[in-house]
Structures are given as structure tokens and as C-alpha cells.
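Chains as they are written, first to last, in this note's numbering: chain A, 1 to 113; chain B, 1 to 113.
Once the Cα atoms are required to be at most 35 Å apart in a straight line, the calculated DSBU-like pairs of lysine-lysine come out as: (1) A/K11 <-> B/K105; (2) B/K3 <-> A/K57; (3) B/K3 <-> B/K112.
Here are some, though not all, of the chain A residues that point toward chain B, as calculated from beta-carbon distances under 8 Å: (4) Y33; (5) G42; (6) L43; (7) F45; (8) Y48; (9) D56; (10) G105; (11) E106; (12) G107.
Derived CB-CB ranges, DEER-like: (13) B/S25 <-> A/E14: 43 to 49 Å; (14) B/L39 <-> A/T13: 24 to 30 Å; (15) A/K57 <-> B/N23: 27 to 33 Å; (16) A/A2 <-> B/K112: 31 to 37 Å; (17) B/T26 <-> A/S38: 24 to 30 Å; (18) B/M10 <-> A/K17: 37 to 43 Å.
Keep in mind that the hints were calculated from the coordinates and are not lab data. Heads up, the beta-carbon is just placed ideally off N, CA and C, and yes, glycines get one too.
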Amino acid sequence: GAGVSQSPSNKVTEKGKDVELRCDPISGHTALYWYRQSLGQGLEFLIYFQGNSAPDKSGLPSDRFSAERTGGSVSTLTIQRTQQEDSAVYLCASSATGLGSPFFGEGSRLTVL
Amino acid sequence: DAKTTQPNSMESNEEEPVHLPCNHSTISGTDYIHWYRQLPSQGPEYVIHGLTSNVNNRMASLAIAEDRKSSTLILHRATLRDAAVYYCILRADYGGSQGNLIFGKGTKLSVKP
Chain A
1 GAGVSQSPSN
11 KVTEKGKDVE
21 LRCDPISGHT
31 ALYWYRQSLG
41 QGLEFLIYFQ
51 GNSAPDKSGL
61 PSDRFSAERT
71 GGSVSTLTIQ
81 RTQQEDSAVY
91 LCASSATGLG
101 SPFFGEGSRL
111 TVL
Chain B
1 DAKTTQPNSM
11 ESNEEEPVHL
21 PCNHSTISGT
31 DYIHWYRQLP
41 SQGPEYVIHG
51 LTSNVNNRMA
61 SLAIAEDRKS
71 STLILHRATL
81 RDAAVYYCIL
91 RADYGGSQGN
101 LIFGKGTKLS
111 VKP
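One chain only, chain B, in its complex shape:
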């Protein structure tokens, strides 16, 4: 699986937007970009995923670069509950069977009141 690079940590203020970057320069055509987050003492939680087009859901937006070598997870208004480790993961899909989710170190997001 192709590797991703994320900053170790980021800080945000409550109620402000947060842009979490991820570089994946060796991404292949079958790799989907997945984002998970892990709150303290909990299992990872699915956030969003996409292939080429930007994606929006109730939790966040995912902006994917045209060359797919980078992406950005956007939290539109950070809350204290959004403080977590955010993982950007590439996962291959082979037309019905999935590759594994290989977690890196992620970005630890702190949200200040």
C-alpha cells in the first residue's frame, strides 16, 4: 500500500475551520483515500473517503488534488469534541475485494476553546 505523510500535530480554535493535509505522492489508480479519527480511549471512527472528486458528508469535506498526490480533510467548524488523532489512509479496491487499512501515525488535532 502506498504511504501517506501527515503533520504530527495541529492546533485549532473552537468554531474555526480546520484543514488537515495529507501527502500521498505514490498513490495508485486503485487507491481510495480514507480518513479516520480516533478520540481518546476509543476505537477509530470513519470520517470520509473518496477517489477523485471532492466529497462532503455531515462530518467533514474531503478535497482531493487534481493529480491525487495530496488531499485535505476539512472540518468546517471545529468543536472541542473534534480533538482527536486523524489518520489519512490509502486503501486499494480491486473491484469488490478490499485491501487493508494500514494506519500511520496520524495528526493529533488539539482544539482550544
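Chain A on its own, in the form it takes in the complex:
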């Protein structure tokens, strides 16, 4: 597609359930980023992929959060045993190699009841 695509756009889940959020980057983009944004807050970096490897996982808030990327394309962010504080918009961005500036998707809004 033309832009970064994220799914689902909205997800409501119960506390304790696992959720998976998907990101389809712009075709050919090798770098992929995950951020989250809680209501009224700034963007919090979670993880960065270059190809299929993640050189920087420093932003993952706990071991309940994990992410993978396969085939240098689609990435999945998994949150296990969700908590109410996980409620946020999860944003994905991708960029080309070199000096490309990341382009963001519209985000996946997660609500944990």
C-alpha cells in the first residue's frame, strides 16, 4: 500500500487477555518503529527494527510486551496479560535505509477494561 497500515484500528479487551497489533510498513522500508501514546501524553518509544532484527528494545515497558518482524516486512506487537495502564494508541512507523525519515500509520487504539 501507499502508507503504513495498522490493524486493528480499535481493540477493546478485558484485563488479563493477550492482544496482537499488526503493522504493514511501506513497501521496501527496512526500518520499523513502534511507539505508544497514552491519552493526552507524548509519544513513548517502544522498539525499533532494522530488517528482522531489533537493535533497540529499550522502550518495551515490561516482559509482557514483545514484538517480532518476519520477512523484513510485517511486524506484530504482542501484549500479554493486558493491564488497564496498557490502554493507549499504538503507533507504527517505517523508513527506508539511509537518511529516510519515518512515516507513521494512523495507530491502533487499545482499550483495556
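Since the structure of chain A is provided, determine the placement of chain B on it from the hints.
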């Protein structure tokens, strides 16, 4: 990554120029200056970036101080659609691999009709 300082908020009148300042006194030689904006309920949108020289594109201009310790994003004629949070971000580039985009709190720009 070096830190940036921006005013929390600014106001502008429609069809007037807007100058959004950013201080980055600890910038290093490999840091590029990036500007993104985030409209309400949307993901961040790339605006412009530069290293040393001033830059122009269809959205805005970026004026970079000679010592690179500050920069200014210039919107030549503000429209109501330009009301957003504007983020000034330093991002290291290491000759083909990129650092992360670390977002601060940004400047909330209001545009009055």
C-alpha cells in the same frame, strides 16, 4: 540522543507566518534536526528535516542557526489545518543506520481565524 527544548504552546492568526523555535544546545555532529506534527486523533506527520543548511519544502521552511544549537520551523501562511502539536527531534545518523526518533512534549500551535 540530545535533548530539545520547545515552548509548550503558541498562538497564531490565520494567514500569518508562524515561527516555531527549538533549542538543542547539546546537538552533536551526527544529529539531524527533524520536525514532525501531530494533528488531533492522527499519527505524527513528517514535516521537514535538515543538518546544517536551511531547507525548504512545500509544507514549511527550516532555518538552522550557524552553531546548530537552535532551529526554527517556519510556516509561511498558517491555516486552520496547521493547528497541531509540533515536535522538534534530533536524530543521529551513522552513515546508513538511523537512531530512534525520541519525541518530547512539543509545541501546541493554535490558529485563530
